[in-house]
Amino acid sequence: MEHIVIPQTYREFYGEYTQPLIDAVDYVISRAEIISARCISQTGRDPIENIRYRIKSPESMSEKLKKHSLEISAENAVHKVHDAAGVRIITSFLDDIEIIAEEIKKAPDLRFIGEKNYIASPKENGYRSRHLIFEIHNVCIEVQLRTVAMDTWAAADHRILYKKLSPDSSYIARELKRCAEELARIDSTLQKLVSVYLSR
Numbered sequence: 037m038e039h040i041v042i043p044q045t046y047r048e049f050y051g052e053y054t055q056p057l058i059d060a061v062d063y064v065i066s067r068a069e070i071i072s073a074r075c076i077s078q079t080g081r082d083p084i085e086n087i088r089y090r091i092k093s094p095e096s097m098s099e100k101l102k103k104h105s106l107e108i109s110a111e112n113a114v115h116k117v118h119d120a121a122g123v124r125i126i127t128s129f130l131d132d133i134e135i136i137a138e139e140i141k142k143a144p145d146l147r148f149i150g151e152k153n154y155i156a157s158p159k160e161n162g163y164r165s166r167h168l169i170f171e172i173h174n175v176c177i178e179v180q181l182r183t184v185a186m187d188t189w190a191a192a193d194h195r196i197l198y199k200k201l202s203p204d205s206s207y208i209a210r211e212l213k214r215c216a217e218e219l220a221r222i223d224s225t226l227q228k229l230v231s232v233y234l235s236r
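As numbered in the numbering used here, residues 37 to 236 make up the sequence shown, in order.
Note that these hints are calculated values from the structure, not bench results. Heads up, some of the hints might be wrong.
[Claimed, not checked] Now the in silico label distances, taken between C-beta atoms and shown as ranges:
| id | residue 1 | residue 2 | range |
| --- | --- | --- | --- |
| 1 | D82 | S105 | 42 to 50 Å |
| 2 | A156 | L229 | 19 to 27 Å |
| 3 | H115 | S205 | 18 to 26 Å |
By construction, the Cβ of each residue, glycine as well, lies at the ideal position given by its N, Cα and C atoms.
Using the sequences and the hints given, assemble the complete structure.
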């Protein structure tokens with residue numbers, strides 16, 4: 037696993053919580069790699085396509101704290117907000133998300149706090165993902181689980197809407213939602229095809 041390096045400004049913002057956040061990310065990535073290796077050994081297939089991580093930037097965290105009417109401080113960032121540290125695990129198929137979620141919940145040093153299942157109940161804009169919240173090293177970490185299709189959609193949504201590259205945001209929003217629904221159908225169909233093949 038690559039060594040996690042973050043800018044000095046992050047260390048100045050998070051202070052004493054910097055290393056616990058890094059350690060939390062390290063731990064979750066290690067558990068994901070163990071799950072990956074176990075699945076390859078047992079089934080010959082890796083359910084994990086990609087793993088990404090981040091520590092939320094001071095700018096993004098400050099905006100989030102303001103949004104929730106919280107004082108901008110490292111303590112609030114790690115105890116009042118649950119995604120100062122985050123790991124995103126990308127899978128090929130829908131069933132892989134359930135497998136990985138249940139395996140991560142079994143990790144001995146992670147205390148499961150809760151989850152938001154935006155696959156079962158997508159956001160209004162079409163966003164789909166499964167977010168698991170854990171506590172470790174006295175900080176919280178969010179684990180996002182998505183298929184490749186969900187991740188591709190989220191990347192487009194972020195690039196187009198959050199970066200405000202389009203003047204016609206209402207049209208783009210409608211098209212993005214339509215794409216999200218189409219991709220969800222594709223995810224479902226691919227899962228059914230794989231399930232039928234594996235059952236033979």
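Okay, H115 versus S205 on CB: inside 18 to 26 Å? violated (34 Å)
C-beta pair A156, L229: status relative to the range 19 to 27 Å that was hinted: holds (21 Å)
Beta-carbon spacing of D82 to S105 - inside the hinted bounds 42 to 50 Å or not: holds (43 Å)
The structure is inconsistent with hint 3 alone, although it conforms to all the rest.
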